[in-house]
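Colleague: Chains as they are written, first to last, in the working numbering: chain A, -13 to 175; chain B, 98 to 291.
Please note: incorrect hints may appear among the correct ones.
[To be verified] With a straight-line Cα cutoff of 30 Å, these simulated BS3-like cross-link-like pairs (lysine-lysine) come out:
hint, chain 1, residue 1, chain 2, residue 2
1, A, Lys163, A, Lys124
2, A, Lys62, B, Lys236
3, A, Lys85, B, Lys236
4, B, Lys236, A, Lys114
5, B, Lys278, A, Lys85
6, A, Lys163, A, Lys62
7, B, Lys278, A, Lys114
8, A, Lys124, A, Lys114
9, A, Lys85, B, Lys285
10, A, Lys124, A, Lys85
11, B, Lys285, A, Lys124
12, B, Lys278, A, Lys62
13, A, Lys175, B, Lys278
14, B, Lys285, A, Lys175
Keep in mind the hints are simulated off the structure, nothing from the lab. Since the model is a prediction, treat every value here as computed from it, not as a measurement.
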Amino acid sequence: MTAADDALALLDDYLSAAMSDAHASDFEERLFAEAAAGRAPGLSYLDTLFDQAQWFVMRGGFSSGSTAEQIAELRKLPHVHYIDVEADTQVGAWPEDTKYVVYRLDVDLRGYENIDVAIVTPEGEHRKWFRDVVYDPKDGALYGACDAPLAASTFRHEPLIARIHASRSGPGAAALKRETVAELSVTPK
Amino acid sequence: MSAPQSAPSEADAATLAAQALAGDRTAEALLCLRLSPAIRAFARRRLRSQDATREFQQEVLLIFVEALRAGRLEDPARVAGFVLGICRNLAFDRVRERERRGKLWELYGESVSACDVVQPTEVTVEIMRLEDCLTELSKRAREAVWLSYGELLSHAEVSMRLGISEGNARVLRHRAVHALKQCVATPKRWEALQ
């Protein structure tokens, strides 16, 4: 841990009231002095995180994964574009005024847990992880939603593969073993 | 509040406070800008909602600016402590007020909560970066950040909701906010593609 990490942890303790009032009193003296001097980068970061998190409050949270019903509701809104991702999907351009992209990955993950999705190029170069994603229990498919610029990097820029890793639900050796459950490729049209 | 254009951004707090006392509005604005995150942190430790935090900040800054213009800041070198003092006095006044209000909440709180309105805001690159980075956290870490910074729960409430010890909740949250801080500081590929 660096000094900056420690400072961030202390600030988090202060904000969450994990820090006692007795310690908080001294901490506040330093906090205000550093803020007045313009030397409180951790404070700026957590201050911004609070404000940004409120934007996600409006959108329903930080959850990674949606249900078919939630996606169906989103599709009723204006400026929302839907993509159905099957084993080998070509994705065309979406309307310029698209603000939100919602998608369904055609897999059945019922019976699996600890599901991660790795986004890689066909050459195997890693692009991004989606950790601990949640599937719709009714059909086992993965549903998601994100802002259009984020979606563009996955669907519109280069051929990519969504490689889904998971382990079997329940006890036993199979549950400990990670397997590649599915691979879906997406190519910009 | 945006950063003043001509402000001496590297100036120390005492210099800024002395300039502000002498009537320099740019120095005054820069001091308010620098101190605002600390005032919000002070408020967040004690208050639940974003609206209450903003209201508290505004009240503190109004008192501070009034004091500056009336020349009531005696030692410019102690400007940070002066503002902290305003925060503490205001918090003390509010505790007394809250005790009175708490009784009203018990009686009518449920009815009043239903009337809360959340103002929508436009998505920004910074929010999308956060959205991007959140997907790379474990579910547990996401939950810890969500409960603390989204639902604005206290440390004890977070550990209770996660069903883990307060110590574990603390470590989980520290690691998550640290990982997020590093992640959001890095420009993403999609930003270059826009």
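Colleague: Can you confirm whether the C-alpha distance between lysine 163 of chain A and lysine 124 of chain A stays at or below 30 Å?
Modeller: holds, 25 Å
Colleague: Would you mind confirming whether the straight-line C-alpha gap from lysine 285 of chain B to lysine 175 of chain A stays at or under 30 Å?
Modeller: holds, 23 Å
Colleague: With the threshold set at 30 Å, check whether the alpha-carbon distance from lysine 236 of chain B to lysine 114 of chain A stays at or below it.
Modeller: holds, 16 Å
Colleague: Check whether the Cα positions of lysine 163 of chain A and lysine 62 of chain A lie no farther apart than 30 Å.
Modeller: violated, 40 Å
Colleague: Is the straight-line distance between the alpha-carbon of lysine 124 of chain A and that of lysine 85 of chain A 30 Å or less?
Modeller: holds, 28 Å
Colleague: Take a quick look at whether lysine 278 of chain B and lysine 62 of chain A sit within 30 Å of each other, Cα to Cα.
Modeller: violated, 35 Å
Colleague: Would you check the hint for lysine 62 of chain A and lysine 236 of chain B, treating anything up to 30 Å between C-alpha atoms as holding?
Modeller: Satisfied, since the Cα-Cα distance of roughly 28 Å is no more than 30 Å.
Colleague: Between lysine 175 of chain A and lysine 278 of chain B, does the CA-CA distance stay at or below 30 Å?
Modeller: Between lysine 175 of chain A and lysine 278 of chain B the Cα gap is close to 35 Å, so the pair fails against 30 Å, i.e. violated.
Colleague: Is lysine 285 of chain B within 30 Å of lysine 124 of chain A, Cα to Cα?
Modeller: With Cα atoms ~34 Å apart, lysine 285 of chain B and lysine 124 of chain A exceed 30 Å; violated.
Colleague: Are the Cα atoms of lysine 85 of chain A and lysine 236 of chain B separated by 30 Å or less?
Modeller: At roughly 26 Å apart (the allowed maximum being 30 Å), lysine 236 of chain B and lysine 85 of chain A satisfy the hint.
Colleague: Are the Cα positions of lysine 85 of chain A and lysine 285 of chain B separated by 30 Å at most?
Modeller: holds, 18 Å
Colleague: Decide if the proposed pair is consistent with the structure: lysine 278 of chain B and lysine 114 of chain A, CA atoms, cutoff 30 Å inclusive.
Modeller: This hinted pair holds, its Cα atoms lying about 17 Å apart.
Checked against the numbered hints above, the structure violates hints 6, 11, 12, 13; every other hint is satisfied.
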